[in-house]
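Chemist: All chains, full assembly: derive it from the sequences and hints.
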Amino acid sequence: MICGALTDLPRYRGMMRGLDVLIDWLEENDPAQLACGSHEILGDKVYANVMEATTRCASEAHYETHRRYHDVQIDLSGREAYRVALGDTVQVEPFNEADDFELVDAGAFIEGDLADGKFAVFVVGEPHMPTLQYGDDGAQPVKKICFKVLADDFWDA
1 MICGALTDLP RYRGMMRGLD VLIDWLEEND PAQLACGSHE ILGDKVYANV MEATTRCASE
61 AHYETHRRYH DVQIDLSGRE AYRVALGDTV QVEPFNEADD FELVDAGAFI EGDLADGKFA
121 VFVVGEPHMP TLQYGDDGAQ PVKKICFKVL ADDFWDA
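Residues in the sequence shown are numbered from 1 upward in steps of one, following full-length UniProt numbering.
Since the hints were made in silico from the structure, they are not lab data. Among the hints, a few may not be true.
Dumping the calculated SDA-like pairs for lysine to any residue here, alpha-carbon to alpha-carbon at most 25 Å [claimed, not checked]:
1) K143 x G14
2) K45 x V90
3) K143 x G78
4) K118 x A98
5) K45 x Q133
6) K45 x D99
7) K143 x V90
8) K143 x T89
9) K118 x L6
10) K143 x P31
11) K118 x E64
12) K143 x N29
13) K118 x A85
14) K143 x D88
15) K118 x L76
16) K45 x C3
17) K45 x D8
18) K143 x G37
19) K118 x D24
20) K45 x G87
21) K118 x D156
22) K45 x D88
23) K45 x R67
Since the structure is predicted, the reported quantities are computational estimates derived from the model, not experimental observations.
Modeler: Okay, here's the thing in structure tokens:
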């Protein structure tokens, strides 16, 4: 996981081909102008999923993992917390190849949030649980973007 202020994302240029594409796009575009739905940035290699959701309790969620795409997540309005699993996981829902998605549970975790203009990059294979209630806010609406960034291993396939 990489996290920080969205304005600092360019520090990570050179780490992943798709992340470089996203950084370039963010320098030229305002992500807050995107409507809900999917938006191509570079075909199926880098794209944005804009969604409105309601934050949830961690006890009502599972960790998700991906094999092909890194997630770069930001909040446009509202605020959310997230968890990243540490150590062993237990499969809850088998991997779905078409959706690049698996659900798992884990005991240990670290926490963070996307409040105040932050971003988080959840790398391929990293179990993460986004869209959690922030602090004592309870369930709240959030508008967010999950940028999908194809892992370098699949870039030229």
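Chemist: Take the C-alpha atoms of K143 and V90, compute the straight-line distance between them, and say whether it is at most 25 Å.
Modeler: violated, 30 Å
Chemist: Hinted pair, alpha-carbon criterion (25 Å max): K118, A98. Please report holds or violated.
Modeler: violated, 29 Å
Chemist: Under the criterion that the straight-line Cα-Cα distance not exceed 25 Å, is the pair K143, T89 satisfied?
Modeler: violated, 29 Å
Chemist: Take the C-alpha atoms of K118 and L76, compute the straight-line distance between them, and say whether it is at most 25 Å.
Modeler: With Cα atoms ~10 Å apart, K118 and L76 stay inside 25 Å; holds.
Chemist: Holds or violated: K143 with G14, Cα cutoff 25 Å?
Modeler: Roughly 29 Å separates the two Cα atoms, so the pair is violated.
Chemist: Sort out whether A85 lies within 25 Å of K118, counting only the CA atoms.
Modeler: With Cα atoms ~20 Å apart, K118 and A85 stay inside 25 Å; holds.
Chemist: Does D156 sit within 25 Å of K118, going by the straight-line distance between their CA atoms?
Modeler: violated, 30 Å
Chemist: Next pair to validate is K143 with D88; report whether the Cα-Cα distance is within 25 Å.
Modeler: violated, 31 Å
Chemist: Does D99 sit within 25 Å of K45, going by the straight-line distance between their CA atoms?
Modeler: holds, 14 Å
Chemist: Could you grab the alpha-carbon distance between K45 and D88 and see if it respects the 25 Å cut-off?
Modeler: Not satisfied, since the Cα-Cα distance of roughly 29 Å exceeds 25 Å.
Chemist: Does the alpha-carbon distance linking K118 and D24 stay inside the 25 Å limit?
Modeler: holds, 18 Å
Chemist: What's the verdict on K118 and L6, does the C-alpha distance respect the 25 Å limit or exceed it?
Modeler: Distance of about 5 Å is within 25 Å: holds.
In the structure shown, a violation is registered for the earlier hints numbered 1, 2, 4, 5, 7, 8, 14, 20, 21 and 22, in ascending order.
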